[in-house]
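*Asks:* Model the full assembly from the supplied sequences, consistent with the hints where possible.
Numbering follows my numbering, in which position 58 of the sequence shown is assigned residue number 58; successive positions increment by one, without gaps.
No lab work stands behind these hints, which were simulated from the structure alone.
Idealized CB from N, CA, C, for every residue including glycine.
For each label pair, taking beta carbons as the anchor points, the in silico distance ranges come out as:
| hint | residue 1 | residue 2 | range |
| --- | --- | --- | --- |
| 1 | R70 | P259 | 35 to 43 Å |
| 2 | R286 | A195 | 23 to 31 Å |
| 3 | R191 | S232 | 22 to 30 Å |
| 4 | D135 | T85 | 30 to 38 Å |
| 5 | I65 | Q122 | 26 to 34 Å |
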Amino acid sequence: MESPVLQPPVATVKTVGKTGVLLVNLGTPDSPSVPDVRKYLREFLMDSRVIDIPYIQRFFLINGIIAPFRAPKSAKVYKQLWSETGSPLKYYGNVVERQLQTVLGDDYVVKLAMRYQSPSIQAGLDEFQQLGLRDIVVVPFFPQYASASTGSVYEKVMDIVKTWQVIPAVRFINRFLEHPKFIEGFVQLGRKYMAAYDYDHIIFSYHGLPERQITKGDVAHTVCRFGTCCESFHAQNQHCYRAQCFETTRLLVRDLGIPEGKYTTCFQSRLGRTPWIKPYTDDVIRELGAKGVKSVLAFSPSFVADCLETTIEVGVEYKELFEASGGKHWQLVESLNDNPLWIETLVDLVKSA
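*Replies:* What follows is the structure in structure tokens.
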């Protein structure tokens, strides 16, 4: 009789340490006061990925012109945005931080950070370093990748951890526009308004970027034409911010059942005189008014938390522009904020990182 073949015991791997989860949004002033707004603008706009011109030019432009003159005007607008809970972007960020920590449990340490101002990325990573974490997952709160947003977060995180003697595994979430629960979150919000009113047109307004930043990202110089190149989403243009925005619209339109010709993808928040990606949201609004469109439902799918660009720019300023152009009914679809589907999206992103 042959001797039985003895199998070696199956080794069990014991998980040691915890995973740090750094949630990073763009940022907000600490208060709507002029000094705090000026401080925020200086840090934000001095980022070379935001205004990508030579340092000396950027320094004098920001500190000599934009921050001194724009801060008082921006402070007035921030006062419109502010509530008893402060900035909605930071308020919802704190809520999401707590809810995600509860769902993920004790094997994770979740921290909210802002790319600009507080709580800072430096403070969050310093705490992670002291905890001796097994690994770190960085989740920029930007559905579509752009150098000026997600890329800036990457750069800041890497600038900090490169000085550590011991660097744990660091994983970054690049984009999440295709995530089914992210899409479903906006779809559910949209359906609520579409069930209550028959809108003539739907606008999907995304944060804008200078065309030069899109062109610089096309390293093979074969994709960007600022026209038909964004009509489909494929391997050659998957890293293009504009193409990602158009793909986000296609996914939302598909699930909302919006017919062709009844919606427009456009871009807001221009700064300066150089060409930005088109079509511009304010131009689209004027054109809709001229065509006799009387009601519009407006989405802002590049933002996951309500902020100046959603509540004030899209919700108030564009509403006034639409009415001045002959429109009658303008409705903003709020951001995901603390929507349960947004929390579920984050859980999936963290666990699959």
